[in-house]
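Mapping to this note's numbering: the sequence shown position 57 is 57, numbers consecutive.
Take these hints with a grain of salt, some might be off.
[Said to hold, decoys possible] Here are the simulated BS3-like cross-link-like pairs (lysine-lysine), alpha carbons at most 27 Å apart as the crow flies:
id, residue 1, residue 2
1, K101, K48
2, K140, K34
3, K101, K31
4, K48, K34
5, K31, K48
Keep in mind that the hints were calculated from the coordinates and are not lab data.
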Amino acid sequence: IQEIVDCSTLYGNYGCNGGNYESSLYYLLTKGNKITTFSSYPYVGYQKVCQTSSSSSAYLGSIQALQIPTGDETTMASALVNYGPLWVALYASSQQFMFYKSGVLSVSNCPNSVYSLDHAVVAVGYGYDSTYGMNYWIIKNSWSQSWGENGYIRIAKNQGNMCGVATMAYYTTLA
Numbered sequence: 001i002q003e004i005v006d007c008s009t010l011y012g013n014y015g016c017n018g019g020n021y022e023s024s025l026y027y028l029l030t031k032g033n034k035i036t037t038f039s040s041y042p043y044v045g046y047q048k049v050c051q052t053s054s055s056s057s058a059y060l061g062s063i064q065a066l067q068i069p070t071g072d073e074t075t076m077a078s079a080l081v082n083y084g085p086l087w088v089a090l091y092a093s094s095q096q097f098m099f100y101k102s103g104v105l106s107v108s109n110c111p112n113s114v115y116s117l118d119h120a121v122v123a124v125g126y127g128y129d130s131t132y133g134m135n136y137w138i139i140k141n142s143w144s145q146s147w148g149e150n151g152y153i154r155i156a157k158n159q160g161n162m163c164g165v166a167t168m169a170y171y172t173t174l175a
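Starting from the given sequences, assemble the full structure and let the hints guide the process.
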């Protein structure tokens, strides 16, 4: 991750000020699908000068990223089951998201257009909460384990693409 933060600005990312999946993937493809190992280039939480080393790179295999049809939470759930965690962008600027502690996040009128998405996260699962009586996505955030439910948030599923959770969702395959 730190290599992407530090080294992919020429590919359209902005270090700690943002970026996107496509730019990160393009960076990896131009490097021959290699990335410096985490032990050699650990994540520090801020942008540094790019310091890659080919001697400590791992080959990722042939990478293919496929986008889930926009807003299609049924296909998103299927891809999660069949391919594993999904790259997801969503709207995270609401007070409810930023100060989330627990429960299932359901925000009325939460933006879900591609232009409102402002944060990248990883969808890792889904479930049903009988207390709230609703289905939810399990999302891993990057704001530390002290945020939310040990670094995770549960976002309402099948509630009109809540906060854009299914607007830009991708899965990857490696060969």
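These are the hints, each one checked on the structure:
The straight-line distance between the Cα atoms of K101 and K48 is roughly 31 Å, outside the 27 Å bound, and the hint therefore fails. Restraint check for K140 and K34: the C-alpha separation of about 24 Å stays at or below 27 Å, so the hint holds. Taking the CA atoms of K101 and K31, the gap is near 39 Å; set against the 27 Å cutoff, the hint is violated. Simply put, K48 and K34 have alpha-carbon atoms about 19 Å apart, close enough for the 27 Å limit, and the pair holds.
Using a Cα cut-off of 27 Å, the hinted pair K31 and K48 holds, with the two alpha carbons roughly 19 Å apart.
Hint compliance for this structure: hints 1, 3 are broken, all remaining hints hold.
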